[in-house]
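Based on these hints, arrange chain P on the given structure of chain B.
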Amino acid sequence: MTDAYVVGVDMIKFGRFPDRTVPQIGAEAAHLALDDSGLTIQDMEALYCGNLGQASGMVGQRILQEIGQTGIPVVNVSNACATGATAFREAWASVKAGLYDLVIAVGVEQMGKGLLGGAGGSKGISKEGLLGSGTMPSVFAEAGMEHARNYGTTFEQFAKVSVKNHHHSTMNPKAMYQIETPLDTVMNAEMISYPNTKLMCSVNVDGSAAAIIASEKKAKELGLMSRAIKVRASVLTSDPWQERDLVMPDVNTCTRKAAAAAYEMAGLGAEDIDLVELHDCFATAEILHYENLGLCEDGEAGRMIDEGEVALGGKVPVNVSGGLLSKGHPLGATGIANIYEVSTHLRGEAGQRQVEGARIGLTHVIGLGSACGIHILEKAS
Amino acid sequence: MDLDTGETMSDNPLPAVDYLKIPEDGDPYLEGYKCSSCEAIFLGERANCSKCGERDQMETVTLANSGTLYAYSIVHRSFPGIDVPYISAIVDLEGGGTIKGNLINVDPEPEKIEFGMPVDVVYDDALGRKDGEGNSYLSYFFQPSNAAS
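One line per chain: the protein sequences are B and P, in this order. Residue 1 is where the first sequence starts when you use the working numbering, and the numbers rise one by one after that. Residue 1 is where the second sequence starts when you use the working numbering, and the numbers rise one by one after that.
Derived by calculation from the structure, the hints in this document are not laboratory data. Errors might be hidden in some of the hints.
Covered stretches of chain P (in silico footprint by chain B; criterion: 3 or more residues with CB under 8 angstroms from a CB of chain B, positions within the stretch not fixed) [as the list claims (entries may be wrong)]:
| hint | region |
| --- | --- |
| 1 | 41 to 52 |
| 2 | 121 to 129 |
Derived DSS-like pairs (lysine-lysine); straight-line CA-CA distance at most 25 angstroms [said to hold, decoys possible]:
| hint | chain 1 | residue 1 | chain 2 | residue 2 |
| --- | --- | --- | --- | --- |
| 3 | B | Lys-379 | B | Lys-315 |
| 4 | P | Lys-130 | P | Lys-21 |
| 5 | B | Lys-13 | B | Lys-379 |
| 6 | B | Lys-198 | P | Lys-51 |
| 7 | P | Lys-51 | B | Lys-257 |
| 8 | B | Lys-96 | B | Lys-217 |
| 9 | B | Lys-13 | B | Lys-220 |
| 10 | P | Lys-130 | B | Lys-123 |
| 11 | P | Lys-51 | P | Lys-34 |
| 12 | B | Lys-379 | B | Lys-230 |
| 13 | B | Lys-217 | B | Lys-198 |
| 14 | B | Lys-123 | P | Lys-112 |
Where a beta carbon is used, it is the ideal one built from N, C-alpha and C, also for glycine.
Here chain B stands alone, though its shape is the one from the complex (with noise of 0.2 angstroms):
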């Protein structure tokens, strides 16, 4: 099988856009991302792209209506928060197999503002509230609150983290905020669910990422390989059964599964990774994954996020895009917005937030319901 490269790769600044359209949104990432490779719509071969907001509104091939309708089959994709790194996996498995030279990957959504999620369903009466509580902030709470009860991880400990990520975004001109939210800021802000304050929940934004691939013989023939980026690993799982999971959304055995391929696929373990853009949806997940990714012994986490191991400049600096806390998360574009911020980075071309000497990065996101995306990639030599 061929090996598979990003060879153009960018994302739009997030922010609100309510004047403008899913696909307009969309096509703003693809001309960025065909700009960043230096080809053109019609060198494309097939588009994969993920949203969930409008996920029957058959998005990519809108977007073909806005940047050129050149034919090509079209595939929308929708997987939760894991519907962008989703869309790179199948726009990527289409050049392993050998079935195209050439393709893109867009991600785009369009977000509302306030809670996502809620308890139970509609039949009935509403469950939320009187059953617990099913919005996203207080899943995560709880996610978190598990690894308290094994770990004794603090309320503080998982504020350090949106301190950290918020720091990073203050170097990322793209992220929705560039603001430094000291700690006693993060703690005292609103509570939302305990332990997640406001400033410990991602920012619903509007936005959109997209990235070329081609295989090995296309990008040595156009010329692109001295800023491509290889693939090392792809991997999708989904959430195996836990005796939990009926009211306890279970996002580490997937992601530990989902690592534990990628190492293997990519022929490396967690020791060789010099950065990773990780599903930091709220703050108590991001401590959550330095374990489920092998970063740290399980239970080192707190001890990981105290001593600045994971912030620029530490042993594997995290999300120094400022994450889905400040870099802000709209679903279906996050995933390959990982992948722009990694490759960024491995092209030495992160300015301020540049982690220095980085040859190899990994991504992840989770979709709660549950699915679990990790990329490896690493500079083509």
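Just chain P, lined up with the frame of chain B:
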């Protein structure tokens, strides 16, 4: 036996969830479905086991009315009309099964809540909530085992 005409309001409360059973002559209880092949326990009626894949091996089990607190969150912001703060609790029931509900009769403060604390399942009106037809509902709650019920 079936007095529900589909038009008149029921005098008796309806169960808030389908795994809460209200016998005509007895106390309400929670019902699980247990796979007789691998012993996985589920909430709500089902035919197949998603743990082992076995088909048609489900049997009903009565879940215990006592358990221990596994994890929780304290909800300060919810959807409009929902009273906050409250404790959203995940409870492992004695003998198997994990359910989620509100933990009541405990202050919604982290210092007042202990992982592993024993709790009882108690049954009460669903916070006055009614459906579009005006029916009342019976729900379940958790409270510390040592609390007076």
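Holds or violated: the region 121 to 129 of chain P covered by chain B, criterion of 3 or more residues with Cβ-Cβ distance under 8 angstroms?
Answer holds; 3 residues pass the 8 angstroms Cβ test.
Verify the proposed pairing of Lys-13 (chain B) with Lys-220 (chain B), using a straight-line Cα cut of 25 angstroms.
30 angstroms, violated
When you check the alpha-carbon spacing of Lys-198 (chain B) and Lys-51 (chain P), does it fall within 25 angstroms?
Between Lys-198 (chain B) and Lys-51 (chain P) the Cα gap is close to 36 angstroms, so the pair fails against 25 angstroms, i.e. violated.
Three residues or more, CB to CB closer than 8 angstroms: is that satisfied between the region 41 to 52 of chain P and chain B?
This one holds; 5 residues, not fewer than the three required, reach chain B with a Cβ under 8 angstroms.
When you check the alpha-carbon spacing of Lys-130 (chain P) and Lys-21 (chain P), does it fall within 25 angstroms?
18 angstroms, holds
Quick one, are Lys-51 (chain P) and Lys-34 (chain P) close enough, alpha carbons at most 25 angstroms?
11 angstroms, holds
If you draw a straight line from the CA of Lys-123 (chain B) to the CA of Lys-112 (chain P), is it 25 angstroms or shorter?
34 angstroms, violated
Regarding the pair Lys-379 (chain B) and Lys-315 (chain B), is the alpha-carbon distance no greater than 25 angstroms?
Given that 25 angstroms is the threshold and the Cα spacing comes to 19 angstroms, the pair holds.
Holds or violated: are the alpha carbons of Lys-217 (chain B) and Lys-198 (chain B) at most 25 angstroms from each other?
48 angstroms, violated
Lys-13 (chain B) and Lys-379 (chain B) were given as a pair; does the straight-line alpha-carbon distance stay at or below 25 angstroms?
Holds, at about 24 angstroms.
For the pair supplied as a hint, Lys-51 (chain P) and Lys-257 (chain B), is the alpha-carbon distance within the 25 angstroms limit?
Answer holds: Lys-51 (chain P) to Lys-257 (chain B) is near 16 angstroms, not above 25 angstroms.
Are Lys-96 (chain B) and Lys-217 (chain B) close enough, with their CA atoms no more than 25 angstroms apart?
12 angstroms, holds
In summary, the numbered hints that this structure violates are 6, 9, 13 and 14.
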